[in-house]
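Which chain is which? The protein sequence lines are A and B, in order. Sequential numbering of the first sequence, starting at 1, is according to my numbering. Sequential numbering of the second sequence, starting at 1, is according to my numbering.
Be a bit skeptical, because a hint or two may be false.
DEER-style ranges, computed between Cβ atoms [stated by the list, open to error]:
no.: 1; chain 1: B; residue 1: R381; chain 2: A; residue 2: S116; range: 33 to 41 Å
no.: 2; chain 1: B; residue 1: G172; chain 2: A; residue 2: G68; range: 48 to 56 Å
no.: 3; chain 1: B; residue 1: A399; chain 2: A; residue 2: G68; range: 23 to 31 Å
Chain A stretches covered by chain B per the calculated footprint, using a threshold of three residues with CB under 8 Å from any CB of chain B [to be verified]:
no.: 4; region: 13-23
no.: 5; region: 39-47
no.: 6; region: 51-62
no.: 7; region: 116-126
It should be emphasised that the hints constitute simulated quantities derived from the structure, not laboratory data. Idealized CB from N, CA, C, for every residue including glycine.
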Amino acid sequence: MTVTLNVNGRDHAIDGDPATPLLYVLRDDLALNGAKYGCGLGQCGACTVLVDDKPVFACVTPLATLAGRRVRTVEGLGNGKLQQAFATEQAAQCGYCIAGMIMRAQALLERNPSPSEAQIRAHMQPNLCRCGTHMRILRAVRRAAEAP
Amino acid sequence: MARRAARLAGYVLCGVLAAGAIALALSHRASIAAIPRPDPASFAKDLVERGAALARIGNCAVCHTQAGGALYAGGRALATPFGTIYGTNITPDEASGIGSWPKDAFARALREGVARDGTHLYPAFPYEHFNALADADIDALYAFLMTRPAVAQQAPANRLIPPLGFRPLLAGWKLLFLHRDAAPADRGAYLVQVLAHCGACHTPRNGLGAERRDRPFAGGWSEGWYAPPLDGSNPSHRAWSEDRIAGYLRTGFDSNHAAAAGPMGPVARSLSGAPDADIRAIAAYVAKWIRQAPDAPALDRREAAAQIQPAGATLFAGACAACHENGAPMMLQGRPPLSFGTPLHETTPRDAILIVLQGLAPPLGDSGPAMPAFGDTFDDRQLADLTAYLRARFSTQPAWSSLEREVAAARKEGNAP
Numbered sequence: 001m002t003v004t005l006n007v008n009g010r011d012h013a014i015d016g017d018p019a020t021p022l023l024y025v026l027r028d029d030l031a032l033n034g035a036k037y038g039c040g041l042g043q044c045g046a047c048t049v050l051v052d053d054k055p056v057f058a059c060v061t062p063l064a065t066l067a068g069r070r071v072r073t074v075e076g077l078g079n080g081k082l083q084q085a086f087a088t089e090q091a092a093q094c095g096y097c098i099a100g101m102i103m104r105a106q107a108l109l110e111r112n113p114s115p116s117e118a119q120i121r122a123h124m125q126p127n128l129c130r131c132g133t134h135m136r137i138l139r140a141v142r143r144a145a146e147a148p
Numbered sequence: 001m002a003r004r005a006a007r008l009a010g011y012v013l014c015g016v017l018a019a020g021a022i023a024l025a026l027s028h029r030a031s032i033a034a035i036p037r038p039d040p041a042s043f044a045k046d047l048v049e050r051g052a053a054l055a056r057i058g059n060c061a062v063c064h065t066q067a068g069g070a071l072y073a074g075g076r077a078l079a080t081p082f083g084t085i086y087g088t089n090i091t092p093d094e095a096s097g098i099g100s101w102p103k104d105a106f107a108r109a110l111r112e113g114v115a116r117d118g119t120h121l122y123p124a125f126p127y128e129h130f131n132a133l134a135d136a137d138i139d140a141l142y143a144f145l146m147t148r149p150a151v152a153q154q155a156p157a158n159r160l161i162p163p164l165g166f167r168p169l170l171a172g173w174k175l176l177f178l179h180r181d182a183a184p185a186d187r188g189a190y191l192v193q194v195l196a197h198c199g200a201c202h203t204p205r206n207g208l209g210a211e212r213r214d215r216p217f218a219g220g221w222s223e224g225w226y227a228p229p230l231d232g233s234n235p236s237h238r239a240w241s242e243d244r245i246a247g248y249l250r251t252g253f254d255s256n257h258a259a260a261a262g263p264m265g266p267v268a269r270s271l272s273g274a275p276d277a278d279i280r281a282i283a284a285y286v287a288k289w290i291r292q293a294p295d296a297p298a299l300d301r302r303e304a305a306a307q308i309q310p311a312g313a314t315l316f317a318g319a320c321a322a323c324h325e326n327g328a329p330m331m332l333q334g335r336p337p338l339s340f341g342t343p344l345h346e347t348t349p350r351d352a353i354l355i356v357l358q359g360l361a362p363p364l365g366d367s368g369p370a371m372p373a374f375g376d377t378f379d380d381r382q383l384a385d386l387t388a389y390l391r392a393r394f395s396t397q398p399a400w401s402s403l404e405r406e407v408a409a410a411r412k413e414g415n416a417p
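So here's chain A without its partners, still in its complex pose (with noise of 0.2 Å):
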């Protein structure tokens, strides 16, 4: 079966088993290794990518539902200033989670430019990071909210 899959904007054919997750899509057809394969079970979001501008794990999101939607990594975002935030508070250790941190960031704060310390920790909750950097990714959400 071939499905038509847009990522950052670019349609690509993609011929494959519908129920393949889009993580494998991503990482194995399109060479796009931003988004990482953490648990494969939708419980830590080192695989967070946008689809429709919603955070979602991809390594639970099957091809056949992404027909027709848009899908963004992190490739996508460019050098925008969550990245500058996220280097500037120095958030990355091991650096595995911090593209599906700052995906799932990236999707709040379009929503809401300026989020109050509550909503951050709130809409954050699903994504872990074993190295415990929690604090400074934190910190780097806030002040890529805060920058100009």
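Given the coordinates of chain A, work out where chain B should sit on it, guided by the hints.
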């Protein structure tokens, strides 16, 4: 002619006004004089401790605490078919809580749904059940609440469908539906029917929001979720023995059923702190009522379901199988198969849909079963296909109808617990 019509209109108006005045007079309840907040040290320690245990069984904190807020300080929104109602502050703050309430005002509120100042309370506060509370239990609950930290916090104003904001109407409602019940002698019956007010969710309600006394525990609705029946029509695939019920109420999980979801999650967390003997009494009573299914092996009609609903099978393989397929790591840890959960056997698909839409998440800072939310992953059609597949694969009940509409309604009406 015109004069006669005017005179007639005058009589009618007088009649209406008189009827209204009589109704208002009948609905009027006296105010009970305020007192200064009782000294916490004036309550015996063992009475306070007994009250703490009773408050756990009565789930007071569930409706009277907002997410992340101070315990018992109110503010939690409760969605009802009649609008949104907010849990009030029941800490002993004199201005915004119940600090100025003498014990007889507290007892009247529990039994008759009347606040200290004489205003009628809405039946979202389960005085339909609490009217049979024992005096000694009211004493203990009063001692417990009056020794909590006082928190100054005014509950937001309710947002109800007009004219329900006019509280004297509640006097009529009570006349029709508030019965004076004797307290059952059996401890389990007392806890289930009175203090724990299980029927507030698990008993169906009539068009005016009163519980159907002719159909106790036949399954009801709560905040957009379906509370399954606790009577002979419970559709579980596995038996609800006394031990299993007790474990489920205590931990929010039973390996022969599933994790507590929706509004039952907070209830189980509240019951986790209740005395063991009381949990056993509740379990023994419920076990007598509820249908005891034969303990059949897991149900799995994989091939047949894939033929009936191939689109749903594909979505299951890509989104659900990593945890829920036979042999998945989670299943090898002894988690129950989907056929053991109640939602896929219920008459309504609402709970199954809501669990997929919202996932399962313990409250912030707490632990518990977790499942990702799929509300942004699937559109209505896709979730309808997936739900149809789950029903066909894991239940022998007939297929649900109008699933796409059901998904849209669940998105609108289902509140996150």
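These are the hints, each one checked on the structure:
1. B:R381 x A:S116: 33 to 41 Å: 35 Å, holds
2. B:G172 x A:G68: 48 to 56 Å: 53 Å Cβ-Cβ, so the 48 to 56 Å window holds.
3. B:A399 x A:G68: 23 to 31 Å: 27 Å, holds
4. 13-23: Per the Cβ count (4), the hint holds.
5. 39-47: It holds, with 4 qualifying residues against the three required.
6. 51-62: That given contact holds, which follows from 10 residues of the region 51-62 of chain A lying within Cβ reach (below 8 Å) of chain B.
7. 116-126: Result for this restraint: holds, n = 5.
The structure is consistent with each of the numbered hints, conforming to all of them.
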